[in-house]
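Participant: Next come the chains, spelled out residue by residue.
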Amino acid sequence: MSLLDYFRASKPTSAAIAKERLQILVAHERSSRSQLSYLPKLKQELLAVIQKYFNVDEKSVSVNLEQDDDRETLELNIVLPDDELTK
Amino acid sequence: MARIIVVTSGKGGVGKTTTSAAIAMGLALKGFKTAVIDFDVGLRNLDLIMGCERRVVYDFINVINGEATLNQALIKDKRCDKLYILPASQTRDKDALTKDGVEKVLTELKRDFEYILCDSPAGIERGANFAMYFADDAFVVTNPEVASVRDSDRMLGILASKSQRAETGQEPIKEFLLLSRYSPSRVKDGGMLSVDDVKEILSLPLLGVIPESKSVLEASNAGVPVILDEKSNAGAAYKDIVDRYLGEEVPHRFIKVKRGLFSGLFRSK
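Line by line, the protein sequences are chains S and B.
So in my numbering, spot 15 of the first sequence is number 19, and the numbers just go up one at a time.
So in my numbering, spot 42 of the second sequence is number 217, and the numbers just go up one at a time.
Where hints are given, some of them may not hold.
Unchecked claim - In silico DSS-like pairs for lysine-lysine, Cα to Cα no more than 25 Å straight-line: (1) S/15 to B/363; (2) B/374 to B/349; (3) S/45 to B/337; (4) B/431 to S/15; (5) B/253 to B/406; (6) B/374 to B/337; (7) S/15 to B/374; (8) S/47 to B/337; (9) B/285 to B/363; (10) B/285 to B/257; (11) B/389 to B/433.
Just so you know, the hints here were simulated from the structure itself, not pulled from any lab data.
Next up, chain S with everything else stripped away, as it sits in the complex (with noise of 0.2 Å):
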């Protein structure tokens, strides 16, 4: 490693810009195709199997996934009808 190239080191090239950028886009454009292609039909066979032993509709029943750097939340939020309680 030259001189030179100890003062440019402070400057990235610009293939470490394409790299940066790419990466984040990358990552978000799999995460928004991800969600789009099986949370859907996740959801609705949940809510089948949850419609086996409550009495509920879609409404009560929300499916979110969240996701952080390292890692992913699979939210689900069921409300249920009271007098089901006794069922």
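Assemble the complex: chain S is given as a structure, and chain B must be docked to it using the hints.
Facilitator: Just chain B now, kept in the frame of chain S:
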């Protein structure tokens, strides 16, 4: 059992047809009976790259519509008798391509051939969708450039969700990265994404790097698949790719700058 390979990229102009022609020729030279199909209805070019443009009588759409038999439409390559080309229609509307029609032709080809290459058009419309729908393997041709990498990633999403294998819950399509128009010296100077960068972004196994080479244009000028150019780096790269695809262990080449005798002395940067 025949294997169907789609050569795809999303973006245009990255080297799909060059790759289809080279790899089809490579597989045929290895002794496998190989067919290569042009899916770019209305903008066919595989015939030109293969050098058989004046021998086209019937095409893919004629076969789908029952206006010709598959044997009438297939063009036998003059350099290798294991290789056959099925040209796209130049005059028909691209809606002439139907899923049932494509399936019928592929099923018939599978009886007779060992490898079937589907040269996909650019974009993510009809032709591109049908080219990849029945595939077993996908060769994703990518240039080390932001638009091409992004489009390849988009294509990977489609391969994973809209193919027959995905829709029927079979083992997914095997995807391979073919990085073309690569220039090791520009990578070294920081002006081009490196092979590791692209591998990392797309998380794909690398089947091979094809260096930027003037022999690619020269080969297309002459209508000769570049793999037949013994002296060219690009031709050698495609040979390696065929060997690797067939399971041989071949070290990757054309990734690093070759050090000349004097390069060490005169290196200015």
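Participant: Now tell me if each hint is right for this structure.
Facilitator: Consistency of the hints with the structure:
1. S/15 to B/363: holds (15 Å)
2. B/374 to B/349: Answer holds: residue 374 of chain B to residue 349 of chain B is near 15 Å, not above 25 Å.
3. S/45 to B/337: Distance of about 15 Å is within 25 Å: holds.
4. B/431 to S/15: holds (23 Å)
5. B/253 to B/406: holds (21 Å)
6. B/374 to B/337: holds (23 Å)
7. S/15 to B/374: With Cα atoms ~24 Å apart, residue 15 of chain S and residue 374 of chain B stay inside 25 Å; holds.
8. S/47 to B/337: holds (20 Å)
9. B/285 to B/363: violated (44 Å)
10. B/285 to B/257: At roughly 14 Å apart (the allowed maximum being 25 Å), residue 257 of chain B and residue 285 of chain B satisfy the hint.
11. B/389 to B/433: holds (17 Å)
In summary, the one numbered hint that this structure violates is 9.
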